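Q: Next come the chains, spelled out residue by residue.
There are 2 protein chains.
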Amino acid sequence: MTDILAADIGGTHLRLVRIQANGTITSQTKVQADFSRFISDSRTAAETHILDTIVHACEPMLAGNSIAAFGIGFPGFFIGDSGILAASPNLPQLHNFALSEQLGKRLGIKVAAQNDALCAAIGELHCGVGQGVRNLLHITLGTGVGGGLILDGRPYTGENGMAMEFGHLRIAYDGQARFCGCGGTGCVEAYASATAVADRYREKSGVTLDSAGVHAAAVNGDERAVQVIDDAGLYLGRALAETIKLMDIKIVSISGGLTGAWDIFYPSLIQEMDAQLINPLKGRIKVLRSSLNDRGGLLGAAELARRIQQP
Amino acid sequence: MTDILAADIGGTHLRLVRIQANGTITSQTKVQADFSRFISDSRTAAETHILDTIVHACEPMLAGNSIAAFGIGFPGFFIGDSGILAASPNLPQLHNFALSEQLGKRLGIKVAAQNDALCAAIGELHCGVGQGVRNLLHITLGTGVGGGLILDGRPYTGENGMAMEFGHLRIAYDGQARFCGCGGTGCVEAYASATAVADRYREKSGVTLDSAGVHAAAVNGDERAVQVIDDAGLYLGRALAETIKLMDIKIVSISGGLTGAWDIFYPSLIQEMDAQLINPLKGRIKVLRSSLNDRGGLLGAAELARRIQQP
Numbered sequence: 012m013t014d015i016l017a018a019d020i021g022g023t024h025l026r027l028v029r030i031q032a033n034g035t036i037t038s039q040t041k042v043q044a045d046f047s048r049f050i051s052d053s054r055t056a057a058e059t060h061i062l063d064t065i066v067h068a069c070e071p072m073l074a075g076n077s078i079a080a081f082g083i084g085f086p087g088f089f090i091g092d093s094g095i096l097a098a099s100p101n102l103p104q105l106h107n108f109a110l111s112e113q114l115g116k117r118l119g120i121k122v123a124a125q126n127d128a129l130c131a132a133i134g135e136l137h138c139g140v141g142q143g144v145r146n147l148l149h150i151t152l153g154t155g156v157g158g159g160l161i162l163d164g165r166p167y168t169g170e171n172g173m174a175m176e177f178g179h180l181r182i183a184y185d186g187q188a189r190f191c192g193c194g195g196t197g198c199v200e201a202y203a204s205a206t207a208v209a210d211r212y213r214e215k216s217g218v219t220l221d222s223a224g225v226h227a228a229a230v231n232g233d234e235r236a237v238q239v240i241d242d243a244g245l246y247l248g249r250a251l252a253e254t255i256k257l258m259d260i261k262i263v264s265i266s267g268g269l270t271g272a273w274d275i276f277y278p279s280l281i282q283e284m285d286a287q288l289i290n291p292l293k294g295r296i297k298v299l300r301s302s303l304n305d306r307g308g309l310l311g312a313a314e315l316a317r318r319i320q321q322p
Numbered sequence: 012m013t014d015i016l017a018a019d020i021g022g023t024h025l026r027l028v029r030i031q032a033n034g035t036i037t038s039q040t041k042v043q044a045d046f047s048r049f050i051s052d053s054r055t056a057a058e059t060h061i062l063d064t065i066v067h068a069c070e071p072m073l074a075g076n077s078i079a080a081f082g083i084g085f086p087g088f089f090i091g092d093s094g095i096l097a098a099s100p101n102l103p104q105l106h107n108f109a110l111s112e113q114l115g116k117r118l119g120i121k122v123a124a125q126n127d128a129l130c131a132a133i134g135e136l137h138c139g140v141g142q143g144v145r146n147l148l149h150i151t152l153g154t155g156v157g158g159g160l161i162l163d164g165r166p167y168t169g170e171n172g173m174a175m176e177f178g179h180l181r182i183a184y185d186g187q188a189r190f191c192g193c194g195g196t197g198c199v200e201a202y203a204s205a206t207a208v209a210d211r212y213r214e215k216s217g218v219t220l221d222s223a224g225v226h227a228a229a230v231n232g233d234e235r236a237v238q239v240i241d242d243a244g245l246y247l248g249r250a251l252a253e254t255i256k257l258m259d260i261k262i263v264s265i266s267g268g269l270t271g272a273w274d275i276f277y278p279s280l281i282q283e284m285d286a287q288l289i290n291p292l293k294g295r296i297k298v299l300r301s302s303l304n305d306r307g308g309l310l311g312a313a314e315l316a317r318r319i320q321q322p
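First to last, the protein sequences are chains A and B.
Per my numbering, the first sequence starts with residue 12, numbered consecutively.
Per my numbering, the second sequence starts with residue 12, numbered consecutively.
Since the hints were derived computationally from the structure, they do not count as laboratory data.
Note that the structure is a prediction, hence the values are computed from the model and not measured.
Any given hint could turn out to be false.
Copies of the same chain look alike in the list, so a pair counts if it works inside one copy or between any two.
[As the list claims (entries may be wrong)] For lysine to any residue, the following SDA-like pairs were computed, each having C-alpha atoms within a straight-line distance of at most 25 Å:
| hint | residue 1 | residue 2 |
| --- | --- | --- |
| 1 | Lys297 | Thr270 |
| 2 | Lys121 | Thr59 |
| 3 | Lys261 | Gly294 |
| 4 | Lys215 | Gly186 |
| 5 | Lys293 | Ala183 |
Working from the sequences, and respecting the hints, build out all of it.
A: What follows is the structure, given as structure tokens:
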């Protein structure tokens, strides 16, 4: 009997689970891992920091049955299914880092690593609302806004591993368009991420709340909170329309903390998406709330591990 | 020895060539075929009108050696490579019309039909600047603005045959955004099609010229003409950036009459595209002018015919 490990590395934390062959999770952990705070120009130091952080988190989990494979969702651009991290927005000193291979050497197990939002898409496809679907666009609403695309059952990564930069689609061009952390302006992430929702509410009200707090305020009738969440839906609807005009995908799933406010942002999302779509596509797109809460990325990483495990 | 037929059906004309197995074009014709002027609510009448128009154009070409196959580029949405026309913007009464099959019955030869811009992409891939490329985004600048995507060497059509509605990407959201023939607002087609260039020049100058005339005026130093063509480049650059952020394609080719003004619109296109791309993609995208003049669609249709011809 062998188990697998799966990790989901987000903007601030690393979550890790150990899963038996029958699907039972035998242990799980969550540790702080904010790679954007790692300050060094050294590429080698950054690589070592990532490896040390992940290996350290794994160590308490390695006792007992042997581990067959380890799947990781990581916020960065991966080249196809090579496990090579081409670049990571949070660690600009990295370049073509063989994360899977290096981590495999350190741990002595097979490792598969892939973009975090794409892992969430794979999780949705195998365990969530995307089951039975051949083509799926999955959107993650977290610290940032991510996208993962499944085409004909397979993850789509693009030529440089940089496909589906959905969060950086531009949906506002006027002088008031918001700045985005990517250096651009008017990105959907600057309106629909948890960070953006909190920022915009603070700008309107002078009150500092996190996105869950903004949602709670909206439920309690705070019009400024309702407006900010409604706007997040509207801008997501725009970005989805642009994506669908290009890819002609019928089914979209959305995960992340902000989906807690689904009843507030879904109507404006659908209304704006249909307003922007070409006529033959209006009313034909299903936008589904993830059924996996925050576990989609972990379940997708576990699926990647299963695919590479020793027979 | 057998020949093939290839047709490229545009907004106003149908062009047809007969090609020998060695690639020699033995005859060619161009006839008026503006399907948008066909006025009847009857689906059957519209279908018959299309078939009659194409068959009539073919008749003078059918003498001599036998014809092995017929490839057609048509402005509409096709379901995969089925040859079924799901819908056509110019003939809204059509719905799931089996164009290849029906035309094959009328002519007694095998027929392959596909979206016109996708045919142009296939032509570029096999005979033009896309030779040797696995992934190619091709843009056509004609009466409208079209897009065709090649992924891993194969045409990408999407779930409903409506992929790559590049011309209807929205690149302006402010109150001055231009209306588009699709019913939307701010579409790239409303700025970068030949029609839009002519319209915008007339609005600025009061003078009616076609897009070639606007280009000639620009070459002669007319600042309003330069501005209109420069704007076309800028808005194309925006729409390309959005597409590349999603698809991560490295090579783009552009064909159509407006490419005659390449020296004027290319600099603003590249500047705006790079300004809007995420950092790791800036400066990495090649945008190439088609080497096929207006023959890309015909050559792509011929390639489709070759693939289905009798052995």
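Q: How do Lys121 and Thr59 come out at 25 Å by Cα distance, when the copy is not named: within, between, both, or neither?
A: Within. Shortest intra-copy distance 18 Å satisfies the 25 Å Cα cut-off; inter-copy 61 Å does not.
Q: Between Lys297 and Thr270, at a C-alpha cutoff of 25 Å, which is it: within one copy, between copies, both, or neither?
A: Classified as within: same-chain Cα gap 15 Å, cross-chain 38 Å, threshold 25 Å.
Q: Go through the copies and call it for Lys261 and Gly294: within, between, both or neither, with a Cα cutoff of 25 Å.
A: Classified as within: same-chain Cα gap 10 Å, cross-chain 33 Å, threshold 25 Å.
Q: Between the shortest in-copy and the shortest cross-copy C-alpha distance, which are at most 25 Å for Lys293 and Ala183: within, between, both, or neither?
A: Both ways: Lys293 and Ala183 sit 21 Å apart in one copy and 20 Å across, limit 25 Å.
Q: Please work out whether the CA atoms of Lys215 and Gly186 approach to 25 Å or closer within one copy, between two copies, in both situations, or in neither?
A: This pair counts as both: shortest intra-copy Cα distance 18 Å, inter-copy 24 Å.
When each numbered hint is compared with the structure, no violation occurs for any of them.
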